[in-house]
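Visitor: Join the two chains into one complex using the hints; note that each chain is given alone, in its own frame.
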Amino acid sequence: QVHLLQSGAEVKMPGASVKVSCKASEYTFTFHYIHWVRQAPGQGLEWMGRINPDSGGTNYAQKFQDRVTMTRDTSINTVYMELTSLRSDDTAVYYCARDPHDRNWFDPWGQGTLVTVSS
Amino acid sequence: QSALTQPASVSGSPGQSITISCTGTNSGVGSYNLVSWYQQHPGEAPKLMIYEVTKRPSGVSNRFSGSKSGSTASLTISGLQPEDEADYYCCSYAGSSFYVFGTGTTVTVL
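These protein sequence lines are chains A and B, in that order. Heads up: the first sequence runs through residues 1 to 119, numbered per the working numbering. Heads up: the second sequence runs through residues 1 to 110, numbered per the working numbering.
Read the hints as simulated data drawn from the structure, not as lab findings. Note that the Cβ used here is the ideal one computed from N, Cα and C, for glycine as well. Heads up, a few of these hints could be off.
Claimed, not checked - If you want the ones that stay clear, here's a sample from chain A, every Cβ over 12 Å from chain B, calculated:
| # | residue |
| --- | --- |
| 1 | Lys19 |
| 2 | Ser75 |
| 3 | Ser118 |
Stated by the list, open to error - In silico DSBU-like cross-links for lysine-lysine, where the CA-CA straight-line distance does not exceed 35 Å:
| # | chain 1 | residue 1 | chain 2 | residue 2 |
| --- | --- | --- | --- | --- |
| 4 | A | Lys12 | B | Lys47 |
| 5 | A | Lys12 | B | Lys55 |
| 6 | B | Lys68 | B | Lys55 |
| 7 | B | Lys55 | A | Lys23 |
| 8 | B | Lys47 | A | Lys19 |
| 9 | B | Lys47 | B | Lys68 |
| 10 | A | Lys63 | A | Lys23 |
| 11 | B | Lys47 | A | Lys63 |
| 12 | A | Lys23 | A | Lys12 |
| 13 | B | Lys55 | A | Lys63 |
| 14 | A | Lys63 | A | Lys19 |
| 15 | A | Lys12 | B | Lys68 |
Bound-form chain B, shown alone (with noise of 0.2 Å):
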């Protein structure tokens, strides 16, 4: 199984929002809800921002959200904080009891 393709780094000004992309083909992206996004501060073990695409597990902020179209699932930080400069990485399961994690994205925020 190929890595989830995101891209190395985004960047954004407080306040503002931003994107990040998780594309996967043959990578179960498109073929099941079941993607989730994950935060790393450095040194840290990663936290659960999103799950099935869309959901916020209790405690994350409200400017977390995720989306999905064909096989391209997308994590939106709105409202860009200092504190959200991070690493960012997708994960989907692929079928056959298998998964597959993306890249990862460096959030620096300018």
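Isolated chain A, as found in the complex (with noise of 0.2 Å):
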């Protein structure tokens, strides 16, 4: 059964970093896009970026663009999402989803990473 595995709860600073790690398991890591998507505490959903595994080429939401970085390590069939100059509103769950086969929808996805930004 295909799985996402997420890393565990971070609290950073304002003005962090913060790195957030996605396992694949049970299919070909690099056939599919893993795209990562977030939610602040209440609020809904916010698509970020994707990055194909295969290639490493990656695309980003413009809000993003200047802080976000994703990459992969195929050894061992794992993504990473970095955001940088943490700020309190960037405290939300952070949740990466499959693509498959580039289809323009997400399933399945991880269980999410909370990620809480506070002095």
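Guide: Structure, rendered in structure tokens:
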């Protein structure tokens, strides 16, 4: 069964960076894009960007263009999302999700990683 | 990219049908048949319910159906059941490798 396992919750100071991991299992890692979506407390879903695990190519939402980097390590079937210059409004649950064969929908999703930005 | 517009809340009694709309101008909804819908229960990750406007993944109840007219996509839940109470989000491919989610709708089963 296809599965995405994310790293654990993080607490960061304003101005710091956070790197969240998403480990894929039970499918060919390089065949499917991985997207990152975040959800602030009590708010809706927000698309952040995607990575092609095969080529490493990325597309980022304009809002995050200057602060986000998505990378992958094909040796361990893992993608990473790093967000820099953290602010309090970056406090959110961050999800990774698979896009099967670049068909523009997301299934399955990781369990989510809570990132709290607080001084 | 602005979020797609959804009603904040929709409610219905068990057994009834409800429809959630998802509207976007210049957002890709009208240009691509690449709208998907996600169900999210409190404290859980979203779950795919509909993809490519009308298609239902294996394992999703046939009480869920999708459609689109112009720049508005819709999700209909028929035979409403208590377990359908959740938040629902639409998402559309917006072109140039970008995506946009809807504002989200809370479904309440009365």
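Visitor: Run every hint past the structure and note whether it holds.
Guide: Comparing the hints with the structure gives:
Distance check on Lys19 (chain A): its Cβ is at least 20 Å (rounded) from any Cβ of chain B, clearing the 12 Å threshold; non-interface status holds. A cut-off of 12 Å between C-beta atoms confirms that Ser75 (chain A) is not in contact with chain B; the least separation is 26 Å. Distance check on Ser118 (chain A): its Cβ is at least 21 Å (rounded) from any Cβ of chain B, clearing the 12 Å threshold; non-interface status holds. For the proposed pair Lys12 (chain A) and Lys47 (chain B), the alpha carbon gap of about 29 Å is at most 35 Å, so the pair holds.
A distance of roughly 41 Å separates the Cα atoms of Lys12 (chain A) and Lys55 (chain B); the hinted pair therefore is violated under the 35 Å criterion. In summary, the hint linking Lys68 (chain B) to Lys55 (chain B) is supported, as the alpha carbons are separated by about 12 Å, within the 35 Å threshold. Annotation: proposed proximity of Lys55 (chain B) to Lys23 (chain A) holds, straight-line Cα distance about 28 Å (limit 35 Å). Between Lys47 (chain B) and Lys19 (chain A) the alpha-carbon distance is near 24 Å, which keeps this suggested pair within the 35 Å criterion.
At roughly 20 Å between alpha-carbon atoms, Lys47 (chain B) and Lys68 (chain B) fall within 35 Å of each other, so this suggested pair holds. Of the supplied pair hints, the one linking Lys63 (chain A) and Lys23 (chain A) holds, its CA atoms being roughly 25 Å apart against a limit of 35 Å. Annotation: proposed proximity of Lys47 (chain B) to Lys63 (chain A) holds, straight-line Cα distance about 25 Å (limit 35 Å). Pair hint Lys23 (chain A) plus Lys12 (chain A) holds up; C-alpha atoms about 22 Å apart against a cutoff of 35 Å.
With a C-alpha separation of about 31 Å, the suggested pairing of Lys55 (chain B) with Lys63 (chain A) holds against the 35 Å cut-off. Distance restraint check for Lys63 (chain A) and Lys19 (chain A): the Cα-Cα separation of roughly 18 Å lies within the 35 Å cut-off, and the hinted pair is therefore satisfied. For the hint linking Lys12 (chain A) to Lys68 (chain B), the alpha-carbon distance of about 42 Å lies beyond 35 Å, and the restraint is violated.
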